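S.K.: So the protein lines, in turn, are chains A and B. The letter at position 144 of the first sequence is residue 144 when you use my numbering, and the numbering goes up by one with no holes. The letter at position 134 of the second sequence is residue 134 when you use my numbering, and the numbering goes up by one with no holes.
Bear in mind the hints are in silico, worked out from the structure with no lab data behind them. A quick note: this is a predicted structure, and the numbers were derived from the prediction, not measured. Be aware that a few hints might be false.
Treat identical chains as interchangeable: a pair holds within one or across any two.
Think about it this way: if two alpha-carbon atoms lie no more than 25 Å apart in a straight line, the pair counts; the simulated PhoX-like pairs of lysine-lysine are [as the list claims (entries may be wrong)]:
id, residue 1, residue 2
1, Lys433, Lys25
2, Lys171, Lys273
3, Lys414, Lys474
4, Lys281, Lys171
5, Lys494, Lys281
6, Lys25, Lys474
7, Lys168, Lys185
8, Lys13, Lys273
9, Lys483, Lys272
10, Lys433, Lys422
11, Lys483, Lys171
12, Lys233, Lys18
13, Lys281, Lys483
14, Lys18, Lys272
15, Lys269, Lys281
Protein chains: 2
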Amino acid sequence: MFESAELGHKTDKATYDKEVPNLRKELLDAQFDLAEQAKFPVIILVGGVDGAGRGETVNLLNEWMDSRFLQTHAMGEPSDEEMERPMMWRFWRALPPKGRIGLFLGSWYTWPILNRVMGITKLAELDQSLERAKRLEKMLTDEGALIIKFWLHLSKDMQQKRLKVLEKNPKTRWRVTKRDWEHYKKYDKFLTVNESVLRHTSTAEAPWIVIEGADPRYRSLTVGKVILEALRKRLAESEKKKPAGSRAAPLLPSIDKLNILHSLDLAQKLDKKKFEVELEKYQGKLAMLTREPGFKDITVVAVFEGNDAAGKGGSIRRITSAVDARQYQVVPIAAPTEEERAQPYLWRFWRHVPRKGRVTIFDRSWYGRVLVERVEKFCSESDWMRAYHEINDFESQLVRHRTVVVKFWLAISKEEQLRRFKARETIGFKHFKITDEDWRNRDKWDDYELAIGDMVDRTSTEIAPWTLVEANDKNFARIKILKTLCQRIEAELKKK
Amino acid sequence: MFESAELGHKTDKATYDKEVPNLRKELLDAQFDLAEQAKFPVIILVGGVDGAGRGETVNLLNEWMDSRFLQTHAMGEPSDEEMERPMMWRFWRALPPKGRIGLFLGSWYTWPILNRVMGITKLAELDQSLERAKRLEKMLTDEGALIIKFWLHLSKDMQQKRLKVLEKNPKTRWRVTKRDWEHYKKYDKFLTVNESVLRHTSTAEAPWIVIEGADPRYRSLTVGKVILEALRKRLAESEKKKPAGSRAAPLLPSIDKLNILHSLDLAQKLDKKKFEVELEKYQGKLAMLTREPGFKDITVVAVFEGNDAAGKGGSIRRITSAVDARQYQVVPIAAPTEEERAQPYLWRFWRHVPRKGRVTIFDRSWYGRVLVERVEKFCSESDWMRAYHEINDFESQLVRHRTVVVKFWLAISKEEQLRRFKARETIGFKHFKITDEDWRNRDKWDDYELAIGDMVDRTSTEIAPWTLVEANDKNFARIKILKTLCQRIEAELKKK
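Generate the whole structure from the sequences, applying the supplied hints.
M.R.: Laid out in structure tokens, this is it:
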């Protein structure tokens, strides 16, 4: 892995001085084209061993390029707001929008490597982190991002030499800390872990570029040239490469028209008296659960999807009226804003991921990708096909961070929907009115049924299962939802 | 102040049950119209004494209204990310966009009152906080926001009674904390401070609505009706009310065409040799200063404005190349995004206010309001007129929080600009190219001179002075900027 980066690469001053002016000019030009086109973001990771020039490289790139369109992020200790969310949240909030470059000093690899070398985590945990990192990078490149990963390497002898040189010079002495020397002592352990990390995560989409860090001129020139070439290559591709839209086989051919939704007994009912008893019971329970001391250590994310007029709003209100307003937030998902469109699909959901002790209710959600966007062809087939995987990954990150992910699909029959549409057209509540879009969606009932079936098959996981709610009877639906929510929270609270 | 709120207001159950359904329906309708029009944001503050039903009121409003378009914010202890920025930052980040309601439990009054009652702050500091609060509210209403401030009051006897009632009921017992009883013991002290706060901050734009909190039905109905009436009244106004555009007198009539810019000696120069010596000196100094331990407790905000082609970019690069890339960020100010346009003018600058130990460089800034927006008539005269005041207020909040605010105006002569425009038209750097807009701006040279003169007169304050930089000679300008920046940081570091 590191063989070529221990050969003693060097660039003499004359060559360097001759090449740099042109390289800078071309980098600036490429950056300008990137900003002008604003078609994809660029993510540059700078990793490597201590003393190999990571900080210097980042500084140099800031000097060479236009720092107005370059955001540098040093991923040191997370803040308390970051600690209260899944690990990847801090990277999501730092992602560059299309047309910009995000330069990361330290990345999603830093802590997994460090924790492994220090013996804090086991090998299996490291492997999990690497799988997460790979999935994140796959998602980012699928969304069009250009990822360039640099690893600055030094042989053991060279690391010692570099640290000593830096320490001698009064101008660079501050750069060498006690920790650097401690890390140096663990050089061999680092080497083993680094080697394994690089091997596992050097993918076709985002390969590692290992560069020998000993000679600053060689290192700088190489980094600059790699970036320039990657930018130029990508800018030349007229459009974001999309895999061909057709897949070999349909997800599951619908031969007998049987569908998971058809298996629901929509006739289930709850009479008013029973409803009121149960409502008080489960709202009381929810109120108690969210006030338990242990609730401060967990997070709840509730997703509401369902047919139009299936009663999402009413069900959400039965939850919120039991929870203190300081603890919950309802996030209605509408068309993405301009800033959201400049980011990967899941960004606009990540930004609402709550802190500990909070409940966030999504009124429609990331599942729009595999429902409306699929049916209406707002995105390509490959986009919604990969979404199943990305969504499962997103939710598993939430769950790992002790988030209760509860997902409700509110199902009503086609006849019941018609009845409700007609009823709503006569009532006074403006915000309840049926729009033309609602009628258009209704025309695509069968397409939606197919999409819902695939969604449930592919995203109902053990850690974040779908709850299908028979919602022809509102009372029945509301109690089923409250009860499920209580059970899931209770189960999580018992875990500690 | 509180007389009418100690009369023992009550609403009987029959009246309440009769009025609520209609009130809820009308509130929902008004909220729907608000979201549809999306012309202004609504900010509702809920303050008052312990036990008067603040939390219940917030919960009730969430139940009555559509919580999807209602964001509730409990302003408890600030997070570490909030602590590292001026106090108001946490409110700015929580402001609702146009069309939405932000419901604040606790507000910019909470901590000033508490700190005063507990004797942590002096009267003068309380007064300062109140002035800041008033200025914030004035700015928000000038920007079109509807602010409704509720104060829920209880007489001393009634507070004791309510706390006891809440404590007796097992369902509400958790609500009464030890702190509530401690606060009760200080009732008289609270009364004095509260009275004074309400008196000072009950303005024409945002008056306090004091409501007796003892009877939940009376309290709830009153709160609901006040909100409904305020919403309806405001929605009925076809457009955001703008004060008439003309002012009584011009800021300073330009009789002799003398202008602060004309007093600059643009012929000042620095030869290359001297420049290189000085550059090394001040870049070295800046590098040292930003690495001092004390720098972790301060923040630097540098603003760059100037004529087109005056050399802002080059000057910024001379700063950034001396500072570690992990510590600084350059924020280029372009047209606002959709999310930014839905917020008050200064929101898009507040969101970039850095944490401690960081340097943020604005390439163009909030001064756009009194420069390009004034000259091009992108905003009304009253908008840019009040901006001077709002900007001074913004900067003084930064300075209070130990932020070094350095503002540079880079001035070149009209002839020098022409020379540079022509030179740029022949060079290869795309991002340096002169656009049609640059030529158009040049045609308005005199209008800009007037606007710059007013800007300097009105916003060059002792705490955040403008530095006018003679920039016909780039070397001279760069050194002056670096030197000024070093001096200002040094002065701030010496303060502690």
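S.K.: Now, for every hint given, state plainly whether the structure supports it.
M.R.: Checked hints:
no., hint, result
1, Lys433 to Lys25, "between (58 Å within a copy, 13 Å between copies)"
2, Lys171 to Lys273, "between (80 Å within a copy, 23 Å between copies)"
3, Lys414 to Lys474, "within (15 Å within a copy, 73 Å between copies)"
4, Lys281 to Lys171, "between (69 Å within a copy, 13 Å between copies)"
5, Lys494 to Lys281, "within (20 Å within a copy, 63 Å between copies)"
6, Lys25 to Lys474, "between (66 Å within a copy, 20 Å between copies)"
7, Lys168 to Lys185, "within (19 Å within a copy, 64 Å between copies)"
8, Lys13 to Lys273, "between (87 Å within a copy, 23 Å between copies)"
9, Lys483 to Lys272, "within (17 Å within a copy, 77 Å between copies)"
10, Lys433 to Lys422, "within (10 Å within a copy, 60 Å between copies)"
11, Lys483 to Lys171, "between (65 Å within a copy, 20 Å between copies)"
12, Lys233 to Lys18, "within (24 Å within a copy, 70 Å between copies)"
13, Lys281 to Lys483, "within (9 Å within a copy, 70 Å between copies)"
14, Lys18 to Lys272, "between (84 Å within a copy, 22 Å between copies)"
15, Lys269 to Lys281, "within (18 Å within a copy, 82 Å between copies)"
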